Structures are given as structure tokens and as C-alpha cells.
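With the hints as constraints, model all of the structure from the sequences given.
Protein chains in written order, with the working numbering: chain A, 238 to 641; chain B, 10 to 174.
Worth flagging that the hints you see were computed from the coordinates, not collected in a lab.
None of the values given here were measured: they were computed from a predicted structure.
Where hints are given, some of them may not hold.
Unchecked claim - Sample of chain B residues facing chain A (criterion: CB under 7 angstroms; computed from the structure):
| id | residue |
| --- | --- |
| 1 | M65 |
| 2 | I68 |
| 3 | I69 |
| 4 | G73 |
| 5 | V77 |
| 6 | F79 |
| 7 | M84 |
Stated by the list, open to error - Calculated pairs, SDA-like style, for lysine to any residue (alpha carbon to alpha carbon, straight line, at most 20 angstroms):
| id | chain 1 | residue 1 | chain 2 | residue 2 |
| --- | --- | --- | --- | --- |
| 8 | B | K171 | A | W617 |
| 9 | A | K618 | B | L164 |
| 10 | B | K171 | B | V46 |
| 11 | B | K90 | A | N381 |
| 12 | A | K618 | A | V450 |
| 13 | A | K618 | A | P464 |
Glycine included, every Cβ here is placed at the ideal spot set by N, Cα and C.
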Amino acid sequence: MSDFTVWLIIAVAKVIVVMVVLLTVVAYLSWFERKIVAHIQSRWGPERVGPHGLIQPLADGAKFLFKEDPTPEGVDRFVYFFAPFLALSLAMTTIAVMPLGPQVRIFGHDIWLSVVESDLSLLVVFAITALSVYGVALAGWASNNKYSLLGGLRSTAQMLSYELSLTMSVVGIVLMTNPNTLSLRGIVEAQRGTATLPGASHWFVFPQILGFVCFFISAVAETNRSPFDLAEGEQELVGGFHTEYASFKFAMFFMAEYAAMVTASFMISVLFFGGYLSPFPETQAFHWTFYLPAAMALIGGVLLVPHGLRYHTALGRVLLPVMGLALIGVGIVCALSGVIGIIQGPFWLAAKVFVVLFIYVWLRSTLPRIRYDQLMAFGWKFLLPVSLANVVATSLLVALRMNR
Amino acid sequence: MTVELILFLLLAVVAVGGAINLIAQTHPIHSALSLIVVMVALAGIYLLLGAELLAMVQIIVYAGAIMVLFVFIIMLLNAGKEERTAISRAATYLGVPCGVLLTAVLGWRMAMSQPGPLAPGADTEGMSRELSTLLFTRYVFPFELTSILILVAILGVVVLAKREM
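If you want it as C-alpha cells, here you go:
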């Protein structure tokens with residue numbers, strides 16, 4: 238096989254794997270969110286479709302596909318149909334530049350665990366984020382509905398305002414990397430620990446705690462998530478920008494929101510929590526942490542099988558033990574010597590992303606939506622000055638350390 | 010034909026098509042969208058030239074920030090379709106020949122001229138570092154002057170808006 242063929246096969250395989258995983262995560266994130274929010278509010282959440290409501294995302298998908306899809310009168314047809322595509326495709330593109338793990342050897346080929354390697358991947362993420370405003374704004378405008386237009390206008394102003402502090406809060410990190418880099422992989426590698434100090438102590442979240450707080454809040458606002466989900470405030474705007482969208486076009490906005498959430502969680506993990514790096518020191522004494530992914534899958538599987546066998550529906554008695562056995566199988570595979578090195582990076586990244594996603598859901602179920610003028614005042618009068626002060630303070634410290 | 014040439018032709022067609030569509034559309038939002046398409050296509054051409062930083066800045070600043078404001082204002086004012094008047098028709102009859110003439114002259118000059126030598130530091134490696142170093146050493150005065158100019162413009166807008174209120 239020529240080099241080009243190999244490259245093409247690897248690239249296509251990467252894209253397919255990442256897309257399938259992302260779509261599955263996005264689908265099951267809705268289940269995850271409904272479950273967590275329900276349990277926080279002392280409810281059960283989805284419970285009917287499949288054991289513990291596990292088939293609910295599939296049922297939702299089928300429902301979205303087969304529902305009637307009316308087009309309201311007076312819409313701007315091209316923009317009306319184009320907006321959901323734009324929103325979804327932009328939200329799912331950003332994952333391409335995320336470093337999912339270090340370079341690994343699979344079947345004799347050195348492969349970077351990311352779809353695209355770019356020196357400017359941080360800027361790529363911001364460029365795509367900057368464009369993702371259009372999905373919501375155009376949907377609101379094209380729907381020919383005053384509520385939609387208000388939602389679109391609100392969200393445009395909100396995303397523009399918070400994009401500033403989002404970008405500003407990252408400058409501190411870029412300043413701290415040595416040599417300065419705009420690549421996400423470079424930023425992750427700058428957080429790599431030494432033999433004596435655990436990796437976790439090099440995470441940028443500690444020196445950049447101010448930047449982290451600004452980035453996290455701005456990221457929640459940028460993804461239009463509660464408590465900043467004014468674009469769709471249902472009590473005041475019916476449904477905001479997606480009022481006039483039904484069926485699969487609504488599902489596309491829905492998926493775009495979740496994909497944006499996943500991307501934001503990736504960014505937070507990569508920028509502030511060491512991305513795919515393990516929080517443990519890289520010494521022989523901590524080599525046992527390499528077996529953590531396998532151990533977690535094994536324990537989960539072993540617990541799931543007996544629980545599934547006692548489940549109260551017939552489907553659950555079949556499905557849950559099968560899932561448990563599959564988890565045990567995954568655990569065994571993860572412990573194999575060829576796989577164990579490959580799985581480390583993605584495992585730690587996934588663990589961090591999962592925690593951040595949980596916090597996202599936690600926020601939604603805890604905080605009430607804030608008022609629009611408060612939102613704008615908070616963004617411009619608090620977040621932006623704080624992130625600017627963070628840039629000034631960081632550059633001062635970096636300059637002092639360089640001259641010492 | 011190489012992959013790069015195919016990509017360039019594709020992006021060029023999209024850029025020129027978007028630019029023509031920008032003028033041909035009667036609705037301001039459609040025109041603004043066409044302008045965004047042109048800008049993204051231009052960013053793609055920058056990428057093909059190896060100017061990654063320029064491409065990203067093009068998207069972040071122009072397609073992202075400035076055009077979002079355009080679209081925002083058009084939405085806010087709820088601007089309707091463009092109305093054709095006698096003068097706008099006259100502009101069409103006068104503008105099209107002028108445009109063709111300008112394109113012909115520019116194209117002829119470009120076809121005649123030889124490509125000059127590359128500026129130092131114009132290779133793709135370390136381009137962003139080179140660019141930022143130049144921007145903050147040699148060109149720091151004009152750079153800061155531009156930001157003051159923008160600041161003055163913002164202040165002017167605030168003063169004008171406050172007077173009306």
C-alpha cells in the first residue's frame with residue numbers, strides 16, 4: 238500500500254470512530270441529563286423504554302424522524318432549512334482538533350490520537366465557535382415569528398458578549414506555556430508532570446484559577462446552557478429560536494446544543510485539567526494506575542450482571558446482564574498489553590469530560606435562569622474585566638519569572 | 010491536476026459566486042450571508058497558501074465578529090427587501106460595465122506581472138510567531154494607533170447615541 242492510501246485509510250477510520258462516538262455520546266447525554274436532573278429533583282426520570290430508560294434516546298430519535306414537520310407560513314425558506322444544518326455541522330466540527338491522546342502505535346503505524354493535528358488548534362476552536370452564532374441567530378430570524386426573533390437576537394448578543402471573556406481567559410494559559418503555543422496538544426503537553434511531582438500538580442487550573450472560573454462561566458453561556466439559556470427561555474419566549482422548528486430540524490438544534498456542550502467539556506479538560514494526561518506521577522510505583530480503566534469496566538460489569546438478573550422487566554433481565562458481560566469483556570480487552578497503553582489517554586480525557594458534563598447538568602438542575610440585563614451586565618462588567626486582569630497579572634508573573 | 014489546484018478552483022468558484030450572489034440578492038440578510046461565504050472561502054484560500062494564522066483570524070474577526078454584528082443589526086432593524094428605484098436601475102446599467110472594465114484591467118495587469126520574491130519569514134513554519142513578533146516590535150506604533158482609532162470611533166458612537174436618548 239502506498240503512503241497516501243495508508244494515510245487515507247487512517248484518516249477515514251479516525252473520522253468514522255470519532256463521529257460514531259460523538260453521536261452516541263450526544264444521544265445518551267440527553268438520557269444522562271434527564272436521569273441526573275430527575276434524581277436531583279427526587280424523581281425517577283426516563284424509566285419506561287428499556288431498563289432504566291436506556292432505550293429512550295432511540296425512541297426519541299424515532300419520534301423525531303416520524304413526526305409531522307410543518308413549515309410555517311412566511312418563513313425565509315432557504316435560511317429556515319439551512320440554519321439547523323449549520324448549527325449541527327459547526328457544533329460537531331470542533332471535536333476534530335481535540336487531542337484525544339498521545340501518539341500511539343496501532344498495527345505498526347504511528348498514529349496521533351486526534352482527527353487533525355494543527356499548530357493553531359486553539360484558534361480553530363475559537364473560529365468555529367465564532368461561526369456557531371449564526372445557527373441560532375438565523376433560525377430565529379428566518380422563522381417569521383416574534384418570539385423566535387427575540388430569542389435569536391438575545392442569543393446573538395449573549396454569545397458575542399461572552400465570546401470575548403471566553404477568548405481572553407485562555408490567553409493566560411497560552412502565556413504560561415513555554416515555548417508559547419496555540420496548539421491544544423502543546424497546551425496538554427505543557428501540563429505533563431515530572432517523576433517526583435504528580436501530573437495533577439501541573440494542571441493549569443491551579444495557577445489559572447481566575448482564568449478557569451471565567452472560562453467555565455463563559456463556556457456555559459456560549460453553549461446557551463442553563464442558567465444562561467435565555468435564547469430559549471420557555472416561560473417568556475415559548476421556545477425561543479426553535480419555536481417554529483419541529484421534528485428532525487428541532488432534533489438537529491437539540492443535538493447541536495449537546496455537541497457544543499461536549500466540545501466545551503473537552504476544552505475545559507484539555508486547557509485546565511491536563512487533557513489526556515494521567516493525574517498520577519509517571520513512575521513505576523504508579524504503574525498500577527494503568528489498570529484503572531480495566532478495573533472500572535470489570536467492577537461495573539460484575540455489579541451490573543446480578544442487578545440485571547433481578548430487574549423487574551423481562552427486557553431488562555436480558556439486556557442488563559448482556560451489557561454487564563460486554564463491560565467485563567471490555568475490561569479484559571483493556572488489560573491486554575497491546576491495548577493498555579493506547580487506552581490510557583482517551584480514558585483519562587473521557588473521565589475528565591464526564592465530570593465536567595456532570596457539573597453542567599448539576600448547574601442546570603440547581604440554578605434558576607438569570608435575567609437578561611443581569612446576564613449582559615455580568616458578562617461585560619464582571620467577567621471581561623476579571624479575565625483582562627488575569628491576562629495582565631499572568632503576563633507580569635511570566636515576565637518576572639523570565640528575568641529572574 | 011493536483012489536490013491543491015482542485016481545492017483552489019473550488020474555493021475560488023465559491024468566493025466569486027458568493028460575491029456575485031451578494032450583489033444579486035435583494036434581501037439584506039441573504040447578502041450578508043453571501044459575504045460570510047466569501048470570507049470563509051477566502052480563509053480557505055489562505056489555508057491553501059499555508060497562512061494558517063491569517064485564515065483563522067479572517068474567520069474569527071471577519072466572518073465571526075464583524076458579520077455577526079451585521080446580521081444582528083439587520084435583524085434588529087428588521088430590514089425588508091430592497092426596493093428597486095429608477096436610480097438603482099441606472100446604477101446597474103452604469104455599474105456592470107465599470108465592473109467588467111475594472112476586472113479586465115486588473116486581470117490584465119496580474120497576468121502580465123511576474124511573481125515577486127517572498128517576504129522574509131513568509132514560510133509556513135512559525136508564521137504566527139514571526140507575525141506577532143513583527144506586530145509587537147516593528148509595527149507596534151501603527152498597531153496601537155489603530156486600536157486608539159477604533160476606541161475613538163466607539164466613543165463617538167456612544168456620544169451620538171446618548172444625545173438621542
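Outcome of the hint check:
no. : hint            : in the structure
1   : M65             : holds, 4 angstroms
2   : I68             : holds, 4 angstroms
3   : I69             : holds, 5 angstroms
4   : G73             : holds, 3 angstroms
5   : V77             : holds, 5 angstroms
6   : F79             : violated, 11 angstroms
7   : M84             : holds, 5 angstroms
8   : B:K171 - A:W617 : holds, 19 angstroms
9   : A:K618 - B:L164 : holds, 17 angstroms
10  : B:K171 - B:V46  : violated, 35 angstroms
11  : B:K90 - A:N381  : holds, 14 angstroms
12  : A:K618 - A:V450 : holds, 15 angstroms
13  : A:K618 - A:P464 : holds, 18 angstroms
Going down the numbered hints, you'll see the structure goes against 6, 10, while the others check out.
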